[in-house]
Amino acid sequence: MLGPDIAWYLAVAAFLFATGTLGVLMRRSPLIVLLSLEIMLNGANLALIAFARHQGDASGQIFALAVMAVAASEVVVGLGLIVAIARKRLDLDVDKLSFLRG
Amino acid sequence: MGNVLVWAVWVLAAFSCLASGVAVISFSNPFYSALALIGNLASLAVLYLLLSAQFVAAGQVLVYAGAVMVMFLFVTAYLGGQADAPWAGGPTWQQFGAVLAAGAILVEVIVVIGLKAGGRLSHEAKIGDEFGSPQQIGHLFLTDHLLAFEITSVVLLVAAVGAVILGAHSRRAGTTAGVIHEREVRARP
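Chains as they are written, first to last, in this note's numbering: chain A, -18 to 83; chain B, 8 to 196.
Because the hints were derived from the structure by calculation, they are not lab data.
Every residue, glycine too, gets a C-beta built ideally from N, C-alpha and C.
Don't take every hint at face value.
With beta-carbon atoms standing in for the labels, derived distance ranges [claimed, not checked]:
1) M8/B with D72/A: 52 to 62 Å
2) L(-17)/A with V161/B: 34 to 44 Å
3) G37/A with I117/B: 16 to 26 Å
4) A15/B with G37/A: 24 to 34 Å
5) V77/B with A(-12)/A: 32 to 42 Å
Pulled a few chain A residues facing chain B out of the computed Cβ check, cut under 7 Å [unchecked claim]:
6) G(-16)
7) P11
8) V14
9) A31
10) V58
11) V75
12) S79
Listed next, the stretches of chain A that the computed footprint assigns to chain B, with coverage defined by at least 3 CB atoms under 8 Å from CB atoms of chain B [as the list claims (entries may be wrong)]:
13) -14 to -8
14) -5 to 9
15) 15 to 25
16) 32 to 43
17) 46 to 53
18) 59 to 70
Required output: the full structure, derived from the provided sequences and hints.
Pasting the structure below:
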């Protein structure tokens, strides 16, 4: 295979996952928490596709496509929740949204 | 010569991928973060192409950078710029813990991959030209992974129904709350 080994791709995937984790834990705006979740999912996707290339088995790419569908659903529901929160004139701050009462 | 070119493309894509990932979590304005995520997704599509996953790369650009991010930017613009500065007021114990946890996850992932697969990662399998092509993906989806395919469609349907229910409910509750709020404002002298 031309170019770098699979290990380099996996290192990038691990860094992406850690970046997303940092964003989820540190940021307070739920919009940016959703974006960081997307970064985590994409790190996992990159690892899946790198291992698919390593094994020569395209089933890993099927997994990645399923993850993409799940990520799209998650964004739809998450954005719906965020819009619902904003319509109730609550602050968009995950530290303040610490109770489940409507 | 071809090897050098692939390395150059890889370094460019990986660097822009990591840099835009860091940019996503450090911009204070969610709009800029969403724009940086589009760059992240595009450079990831380049990495997928290098791993001969053509169909996934195309799907990444169409579904993620196209549909999902347009919806995200639309909602962000609708909600207005509610910026929160990530590093305002100096580091707190919460941010310290977050950095510690993220670093721990990074080290953990790298150590586990290195221990379980370290020696074997440099010998990848031989693949044919059709690897990752739409034909192969479609064939796999409709033969070996038919259940995953069907469950994916159910998941998407449930998400669509959930979004409609959330939107309809919040519209009703939101307008009544808005009317009450306006009355209160008007009643004030």
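Hint-by-hint comparison with the structure:
no., hint, verdict
1, M8/B with D72/A: 52 to 62 Å, "holds (57 Å)"
2, L(-17)/A with V161/B: 34 to 44 Å, "holds (40 Å)"
3, G37/A with I117/B: 16 to 26 Å, "holds (24 Å)"
4, A15/B with G37/A: 24 to 34 Å, "holds (25 Å)"
5, V77/B with A(-12)/A: 32 to 42 Å, "holds (35 Å)"
6, G(-16), "holds (3 Å)"
7, P11, "violated (9 Å)"
8, V14, "violated (10 Å)"
9, A31, "holds (6 Å)"
10, V58, "holds (5 Å)"
11, V75, "violated (10 Å)"
12, S79, "violated (13 Å)"
13, -14 to -8, "holds (count 7)"
14, -5 to 9, "holds (count 14)"
15, 15 to 25, "holds (count 6)"
16, 32 to 43, "holds (count 10)"
17, 46 to 53, "holds (count 7)"
18, 59 to 70, "holds (count 10)"
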